[in-house]
Every structure is written in structure tokens, then in C-alpha cells.
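A.B. asks: Letter by letter, the chains look like this.
Number of protein chains: 2
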Amino acid sequence: MSKPSLARGTRDFGPEIMVKRTFIFDQIKTVFQKFGFLPIETPSIENLSVLMGKYGEEGDQLLFKILNSGDFIKDVQPDDLQKGPKAVLPKVAEKGLRYDLTVPFARFVVMNRNEIQLPFKRYQIQPVWRADRPQKGRYREFYQCDADVVGTDSLLCEAEIVLMLHEVFEKLNIREFVIKVNNRKILSGIAEVIGAAGRESELCVAIDKLDKIGKEKVEEELLQRGFAADSIGLLQPVFSLGQTGDDLFDVLKTWLSASEEGMKGVEELQAIWKLVGLYGLHSPKIEFDPTLARGLSYYTGAIFEVKALNVQMGSISGGGRYDNLTGTFGMPGVSGVGISLGVDRIFDVMEELKLFPEQARQANTKVMITNFDEECRNHALPVLTRLRAEGINAEIYPEVSKLKKQFDYANKKNIPYVLVIGPEEMEKQSYSLKNMVTGEQSQGSVEQLTAILHV
Amino acid sequence: MSKPSLARGTRDFGPEIMVKRTFIFDQIKTVFQKFGFLPIETPSIENLSVLMGKYGEEGDQLLFKILNSGDFIKDVQPDDLQKGPKAVLPKVAEKGLRYDLTVPFARFVVMNRNEIQLPFKRYQIQPVWRADRPQKGRYREFYQCDADVVGTDSLLCEAEIVLMLHEVFEKLNIREFVIKVNNRKILSGIAEVIGAAGRESELCVAIDKLDKIGKEKVEEELLQRGFAADSIGLLQPVFSLGQTGDDLFDVLKTWLSASEEGMKGVEELQAIWKLVGLYGLHSPKIEFDPTLARGLSYYTGAIFEVKALNVQMGSISGGGRYDNLTGTFGMPGVSGVGISLGVDRIFDVMEELKLFPEQARQANTKVMITNFDEECRNHALPVLTRLRAEGINAEIYPEVSKLKKQFDYANKKNIPYVLVIGPEEMEKQSYSLKNMVTGEQSQGSVEQLTAILHV
Chain P
21 MSKPSLARGT
31 RDFGPEIMVK
41 RTFIFDQIKT
51 VFQKFGFLPI
61 ETPSIENLSV
71 LMGKYGEEGD
81 QLLFKILNSG
91 DFIKDVQPDD
101 LQKGPKAVLP
111 KVAEKGLRYD
121 LTVPFARFVV
131 MNRNEIQLPF
141 KRYQIQPVWR
151 ADRPQKGRYR
161 EFYQCDADVV
171 GTDSLLCEAE
181 IVLMLHEVFE
191 KLNIREFVIK
201 VNNRKILSGI
211 AEVIGAAGRE
221 SELCVAIDKL
231 DKIGKEKVEE
241 ELLQRGFAAD
251 SIGLLQPVFS
261 LGQTGDDLFD
271 VLKTWLSASE
281 EGMKGVEELQ
291 AIWKLVGLYG
301 LHSPKIEFDP
311 TLARGLSYYT
321 GAIFEVKALN
331 VQMGSISGGG
341 RYDNLTGTFG
351 MPGVSGVGIS
361 LGVDRIFDVM
371 EELKLFPEQA
381 RQANTKVMIT
391 NFDEECRNHA
401 LPVLTRLRAE
411 GINAEIYPEV
421 SKLKKQFDYA
431 NKKNIPYVLV
441 IGPEEMEKQS
451 YSLKNMVTGE
461 QSQGSVEQLT
471 AILHV
Chain X
21 MSKPSLARGT
31 RDFGPEIMVK
41 RTFIFDQIKT
51 VFQKFGFLPI
61 ETPSIENLSV
71 LMGKYGEEGD
81 QLLFKILNSG
91 DFIKDVQPDD
101 LQKGPKAVLP
111 KVAEKGLRYD
121 LTVPFARFVV
131 MNRNEIQLPF
141 KRYQIQPVWR
151 ADRPQKGRYR
161 EFYQCDADVV
171 GTDSLLCEAE
181 IVLMLHEVFE
191 KLNIREFVIK
201 VNNRKILSGI
211 AEVIGAAGRE
221 SELCVAIDKL
231 DKIGKEKVEE
241 ELLQRGFAAD
251 SIGLLQPVFS
261 LGQTGDDLFD
271 VLKTWLSASE
281 EGMKGVEELQ
291 AIWKLVGLYG
301 LHSPKIEFDP
311 TLARGLSYYT
321 GAIFEVKALN
331 VQMGSISGGG
341 RYDNLTGTFG
351 MPGVSGVGIS
361 LGVDRIFDVM
371 EELKLFPEQA
381 RQANTKVMIT
391 NFDEECRNHA
401 LPVLTRLRAE
411 GINAEIYPEV
421 SKLKKQFDYA
431 NKKNIPYVLV
441 IGPEEMEKQS
451 YSLKNMVTGE
461 QSQGSVEQLT
471 AILHV
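Taken in order, these protein sequences are the chains called P and X.
Counting from 21, one number per residue, gives the positions in the first sequence under my numbering.
Counting from 21, one number per residue, gives the positions in the second sequence under my numbering.
What the hints contain is simulated information worked out from the structure, not anything from laboratory work.
Yeah, the Cβ is synthetic: ideal placement off N, Cα and C, and Gly gets one too.
Possibly wrong hints are sitting among the right ones.
If you want the footprint, here are the derived chain P segments under chain X, 3+ residues with CB under 8 Å [said to hold, decoys possible]:
id, segment
1, 27-35
2, 130-141
3, 395-404
4, 422-434
Label-pair ranges, simulated between beta-carbon atoms [to be verified]:
id, chain 1, residue 1, chain 2, residue 2, range
5, P, K111, X, Q81, 16 to 24 Å
6, X, S465, P, T42, 19 to 27 Å
7, X, K156, P, E444, 58 to 66 Å
8, P, D393, X, P110, 34 to 42 Å
9, X, L298, P, E410, 41 to 49 Å
10, X, P110, P, S221, 27 to 35 Å
11, X, V271, P, D393, 25 to 33 Å
Turn these sequences into a full structure, and let the hints steer you where they fit.
C.D. replies: This is the structure we're talking about:
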């Protein structure tokens with residue numbers, strides 16, 4: 021006999037939370053599908069050869085590895101132990117757990133290149149696993165919701181991501197949010213005009229921390245990384261951009277005029293702004309943020325991040341364009357753009373701001389029938405069958421026991437109606453329906469009560 | 021650059037298969053909910069202390085274990101290597117992947133005993149992992165769909181399982197199936213009356229193989245297991261039961277009259293038959309099968325198994341009653357009964373018998389708008405927005421390219437309608453909608469064409 025526990029950083033989801041999470045997933049799926057994205061799923065288990073080296077050194081360490089089956093130590097020699105875990109790992113594990121949905125998607129595209137039609141729009145909603153240190157809001161097993169288009173560099177895709185985000189958050193009742201947008205090419209242009217051409221990756225890593233550590237520390241870090249003081253001086257507009265009343269695109273075009281790449285980035289940004297308007301979205305909640313880099317070096321064009329307002333919470337969505345997602349698997353030149361929604365954080369935002377609608381706060385069972393005694397029960401069973409045939413989620417209390425206990429059960433399970441079928445009701449074939457929220461009682465035939473239950 | 025591959029025994033699901041699988045899951049969920057079951061989810065990763073020892077020795081071996089993070093070999097001594105994998109395992113792995121949904125559910129019930137209301141009806145649809153040798157129809161990662169009621173021994177639950185199975189398969193268009201029913205107490209009674217009281221587990225294991233190895237081999241195995249020849253002689257009715265015209269329950273009652281336990285089993289069986297009728301299910305597809313044991317020693321009452329007819333396939337569903345599911349976690353006396361649906365096999369049955377309805381064979385996108393040139397595109401974008409606002413899944417081809425290529429795309433993606441917006445259509449504000457299945461063309465305003473798309 022063991023006292024059971026959850027593995028660290030993992031969670032159970034009981035019915036109440038499941039109903040709310042399902043509500044979120046359903047809204048997201050509906051919107052993704054409305055925009056023409058189709059679902060795929062990839063296995064939780066991938067070969068380590070697919071996963072390793074794709075997420076940087078830290079990612080390699082955070083990958084959960086699966087021990088080989090059978091005699092997993094047969095190839096391990098005593099002196100391997102002294103060489104350390106890196107030497108032993110390839111001998112004891114060849115599989116790992118999915119770390120994100122992007123790399124498995126790239127593998128999927130490459131392996132199915134002859135079956136799928138480009139441009140390929142897919143969405144994917146599945147858990148991922150990371151051996152991170154668990155903390156508030158950070159779990160070792162959590163869901164990602166990704167939508168990507170690959171095989172086209174049309175900026176319509178970027179505009180549709182902006183539209184899609186608006187529609188998702190509207191459906192989720194999250195009205196106060198901002199979509200921050202940047203462009204990797206603008207970052208490249210900035211690197212160029214400050215005299216640090218080609219070093220935008222390092223620049224990104226440092227600037228990305230602006231929110232967390234402030235301007236001074238960012239400058240310090242840049243100095244440490246070997247950026248010249250002059251370069252850092254030329255970087256100043258990045259810290260004030262968007263805070264002045266000037267037209268952003270004009271300011272950028274002036275600043276970056278010497279960089280072809282940078283100018284292209286500004287044009288792309290401007291095109292997205294224009295397209296969003298052409299689609300008919302007025303006062304879009306988008307904001308250019310030149311400090312947005314998301315630490316991810318594989319973005320090559322637009323970069324997105326969504327913050328919910330009025331609540332302390334990291335970004336609830338992020339994404340961007342990448343030009344060479346599948347190159348690592350031998351299929352170069354496939355450009356794509358995608359967005360990932362953080363369901364756990366969205367859930368927390370909705371809980372904190374009390375945004376879940378009634379339908380996501382009710383259990384799925386609509387009515388419980390009481391169980392008086394065998395005779396009443398036998399009379400109740402066909403009634404139950406009729407309710408279900410009407411599409412009403414219904415159950416009968418499985419045992420003959422005190423009515424109070426049965427009502428308590430319905431109450432605890434948030435069942436909104438209880439149908440009482442006792443000896444009297446049975447005789448009259450007129451049953452008593454109690455609304456558990458208002459306390460209201462209705463009397464009538466199955467047809468009459470069904471009408472109430474259908475409301 | 022690596023050539024990517026799938027881990028052995030795992031699968032990708034592309035959009036077409038996903039749409040079909042989602043259809044199956046949705047039907048099952050709808051029925052489960054209609055019967056008052058609520059969803060829960062448990063983590064994929066569980067502590068090995070929760071999983072080990074629950075599935076027998078073979079199960080322990082088939083569990084996927086997860087390598088500890090960081091320096092996983094720090095506690096391994098060179099002489100541990102000589103002791104073999106069993107000595108090393110506890111030092112390098114403390115977590116594993118979910119092997120079924122039953123043990124995690126038992127853990128959930130015990131850990132949430134103060135929050136949940138008994139009787140507790142839950143359903144759970146999640147993947148499980150087994151390091152089995154992959155073969156046709158057997159995967160290392162596959163979904164289970166379970167519904168269980170715990171905390172009551174009411175036979176209404178057994179009857180509802182029978183009803184639920186009928187409704188699930190009806191919704192899935194699988195009309196030809198049989199639900200085989202047995203009862204562990206009948207097996208105990210049989211053991212008793214053949215003079216092998218208490219040995220029903222061994223009897224189960226042998227009899228369970230009747231379908232696979234035949235009567236003679238079963239008898240051989242029983243001899244080897246030390247059953248007396250006399251006992252085996254007395255066992256004969258088991259092989260002919262149900263093949264005679266006599267009333268089954270009468271035959272059983274006569275045969276097992278000396279066994280109190282056996283008689284109780286027959287009564288339970290008879291009660292389930294009666295209840296199913298009281299619910300209003302006429303000609304239920306249920307069949308008593310005294311050789312059904314499902315090899316699982318934890319069943320204590322009813323045992324269920326469903327076979328699809330007209331197709332070569334193992335059972336597509338199975339389950340039964342267990343009296344001590346949570347005892348292993350220190351919470352004795354919780355009786356439960358449940359059913360598990362094998363989605364992969366159900367999928368294969370439906371494919372083979374061509375049972376998927378049209379809605380499960382269509383992609384989710386309803387209409388694609390063509391992309392002629394920038395001007396036409398700009399005119400098309402608000403049209404696209406209007407279609408989506410009407411709840412129509414719609415997309416625009418993202419690039420300006422040859423119409424043939426655009427139609428090919430729609431065709432390949434099974435999009436049933438293409439809306440052509442060229443210069444002429446733009447000018448007249450009258451667009452051309454092509455039905456990709458019939459080839460039919462309609463001309464009209466957005467309102468007029470929306471009406472067609474809504475059908």
C-alpha cells in the first residue's frame with residue numbers, strides 16, 4: 021500500500037476545471053477552423069535524434085528522455101559512469117517527450133511532403149513536457165495550441181494571425197489585450213545602423229530583457245557582449261520609439277534608411293497594418309514594439325506577442341515568421357508563420373478576471389432523477405430514457421437512499437435540475453421538477469418538463 | 021541535418037484522419053455526457069511508485085520509464101551495472117508514462133476523496149503508452165476512452181453501461197455488434213462446483229484463451245496447472261452453455277445451485293438483463309459468455325466485452341466491475357464499474373466497413389476565395405471577413421498565382437466551394453461560386469452565395 025502523489029510539476033484536472041479548459045479549447049479550435057486551419061496530431065514520443073540540438077543546450081537538458089526498454093544498461097561500461105551523464109545518455113535512451121509543437125510539425129511536413137498541399141495550414145493542440153523547475157504558473161506538462169501556415173511568404177498570413185487573435189480573445193471574453201508586433205528584419209536593420217551588422221541575435225537576447233531588467237542593465241549586458249559604446253549610443257531610439265507622438269513608420273524609415281534589410285522590415289510591418297484594416301478590423305489592438313524579440317533566434321520576419329491587460333501575467337500568446345523551419349530535416353526554403361496560445365495562462369487570466377461564461381461554469385448533467393424505491397425506479401427508467409432521447413444529459417441516482425443525500429449529490433455536482441419521481445408522482449404521472457438554483461418547483465408530464473429542461 | 025523518422029510504434033495523424041478520429045471522440049463524449057459522466061484528465065507522467073506493481077510483472081516491464089533530469093547516474097555504482105537493470109532502475113528513474121487510465125483514476129479518487137462526491141461518474145479520454153512490440157493494430161502510444169462509476173454497487177450502473185454502448189455504436193453507425201457479458205462470481209461458482217474453490221483466477225486465465233487455442237488446449241493447460249481430471253470433467257457445461265435452446269439462467273441456476281457465490285452471480289446477471297429491458301431497450305445485443313474473463317484478475321462482478329461483427333477484429337470495448345480499485349492506495353471498499361472503448365480498433369472497423377458519415381469525410385474549410393491580383397484581393401478581404409462573421413469556415417488563397425494552382429489547392433484540401441473574385445466579379449459585385457463536387461456554378465451577391473454556403 022503506497023500513499024499516492026502527483027509527479028512534481030504535473031496536475032490533475034477535475035470536472036469543473038475540465039469544463040472550463042474545454043471551453044477555451046473549443047473556442048480556439050472554432051476560430052482556427054474558421055480561418056482554414058486543419059488539425060494534426062503528432063506522437064508524444066519522438067526519437068531523440070529529432071529533438072536534440074533543436075532547442076539550444078538548455079533545451080537539450082530540459083528534454084524528458086525515455087529509458088530504453090529491456091536491459092537498458094547492457095551497453096554501459098563502468099568507465100562510462102566516470103565520463104558522466106552525457107556519455108551514458110546515448111547508451112540508455114533513444115527517445116524523448118515532445119518539447120514543443122514546432123519541431124514535430126517540421127518533422128511532419130518533411131515526412132509528408134508528398135502528401136500535403138502547400139501552403140499548408142495546420143493547428144495542433146497537444147501537451148508538451150519540459151523538465152523545468154516547477155513554480156507558480158510553470159508546469160512540467162502543459163498544453164500548447166499552435167496554428168501555422170507553411171509554404172508561403174504572403175503577408176496575408178501575418179494579417180490573419182492578428183485577426184485570429186482578436187477573434188479568439190473576443191470569444192474568450194478577454195477584451196483588454198495588446199498584440200505587440202516586431203520584425204526580425206528591423207532588428208537586423210538596427211544592428212546594421214548602429215555599426216554592429218549581423219549581430220542582431222545578441223542584440224535580441226539583450227533587448228528582449230528590457231522589460232525584466234531595465235534599460236541600464238541591458239546596456240551593461242551589451243557592453244559585456246562587446247558592443248561598442250558608440251553602438252549603444254546609437255541604439256537610443258529603440259528605447260523611446262512608440263512613446264512619442266510621431267508616426268512610427270516615418271521615424272523608423274528615417275532611422276533605418278541606410279539598411280536595406282531594415283527598410284524591408286518596416287515595409288512588412290506597414291503592410292500588415294494596412295492589410296488588417298482592409299480585412300475590416302477597426303482600431304486593432306496592435307502595437308509596434310522594437311524591443312520584442314522573444315529570445316528565439318529562428319524568427320526571420322514578423323514577431324508577435326500578446327499581453328492581457330489589467331492582470332499580472334506573462335505573455336498569453338506568441339509567434340512569428342521563420343524562413344527555414346524544415347531545413348534542419350533536409351527540406352530548405354519552406355517559409356512559415358505561426359502563433360502559439362498559452363492555455364494555462366489564458367485560463368488563469370479568465371479565472372482572475374472572472375471571464376468564464378455561465379456555460380463554462382455548469383457541469384454537463386442537466387437533470388438528476390431521484391431514486392425512491394424499486395417500484396418508483398422502475399417507473400423512472402423509461403422517463404430517463406425519454407429525456408436522454410431528447411438530447412438532455414440526465415442521470416438517475418443509482419441507489420435507493422435518503423432524498424437529502426440525493427439532493428446533496430445533485431447540488432455538489434452542480435446539476436441544475438432534480439426530477440422527483442415518488443409514489444404520488446408515479447400514480448399521477450405528473451412529476452415534480454426542482455430548479456436547484458432558484459428553488460422553483462414545476463409540476464407536469466414528461467413533455468411539459470422536457471420543455472423547461474430544453475430552455 | 022538529420023533524416024527524420026517516427027519513434028517505433030508511434031503515428032502522426034494528418035487532417036483527414038484527425039477529422040475522423042475527432043468524429044469518433046465527439047460521439048463518445050456526447051453519449052458519456054448524456055449519461056451523466058463528467059470529464060477528468062490526469063498527467064501523462066506519474067511517479068513510478070504509483071504505476072509499478074499494478075499491472076503484473078509484464079506490465080512493469082512494458083511501462084515507459086523517464087530518465088531523471090540532470091546527473092542521472094550520480095547514484096549508480098560500477099557494481100550496480102553487474103547487478104543488472106533492476107538494480108539500476110530505481111537510481112536513474114522515478115517517473116513513468118501512464119499505462120492505462122484506471123490506475124491514475126484510482127489515484128485521483130484517493131487524492132481527491134474530500135472534494136469529489138460519491139458516487140463519482142467520470143470519463144477520461146487520453147493517450148496511454150506501452151513498450152509492447154509494435155505490430156498491425158498495436159501501437160506504443162494509443163488513446164483510451166474510459167467511463168467509470170465508483171462509490172456504488174448499484175446494478176443500474178451495469179445496465180447503463182450496456183445502454184451507453186448501444187448508443188455509442190449506433191451514433192458511430194456500427195449496427196452489428198455483440199456485447200458479451202459474464203460475471204466473476206459465476207466463474208467463482210464454477211470453480212466451487214467443480215471442486216476447485218478459490219482457484220477461479222487460474223481458471224479464468226485458462227478459459228480466457230478458449231477463443232484463441234480451443235477447448236483441448238484449455239483442458240491441457242488446466243491439467244498442467246494442477247486441476248484434477250474430475251474437475252475438468254465437471255467443467256464441460258461451460259463449453260456448451262448458450263449453444264443449447266434452454267433458458268440460460270435456468271441452466272446456470274441448476275448447475276451452480278451448490279455455490280452461494282455462483283448463485284449471486286447468476287442473480288446479478290439476470291438483474292442486468294431485466295434492467296436493460298426496463299430502460300426500454302428492446303432486443304439488446306447482449307449475450308452471456310461464461311468463457312469471458314478478459315485475463316484481468318481485478319474484476320469482481322460483471323465483465324463486458326464488445327465485438328464488432330462482419331469484420332476481423334479483436335474486441336472494441338471491454339470493462340467490468342471491481343470492488344477494490346483504490347485499496348492499493350489506502351482507500352478500501354470503493355466499488356466501481358467501468359468500460360473502456362478502443363478508439364483505434366473502432367476507427368479500423370469504421371474504415372473497413374465504410375461507416376464514416378459525410379461530415380467526418382469533409383475537411384473543415386467550407387470555401388476558398390481566389391486571389392487574382394492585389395486589387396481583387398483587397399476587394400475580397402472584407403468579403404472573407406463577412407463569410408467568417410456568418411460562421412462559415414473560409415480562407416483566401418494567400419498568394420497571387422495561376423487559377424489552376426489555386427483550384428488544385430482547394431481540391432486537394434477537399435474544400436467544397438471556391439468563390440471566384442476576379443476583375444469582372446469585382447466590378448459587378450456579383451461573385452461566382454463553384455461547387456467543387458458537382459461542378460455547378462452560382463452567381464450572386466455575398467448574401468445570396470452565403471445562403472448556398474449555409475446549406
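A.B. asks: Any hints this thing doesn't respect? Which numbers, in order?
C.D. replies: 6, 8, 9, 10
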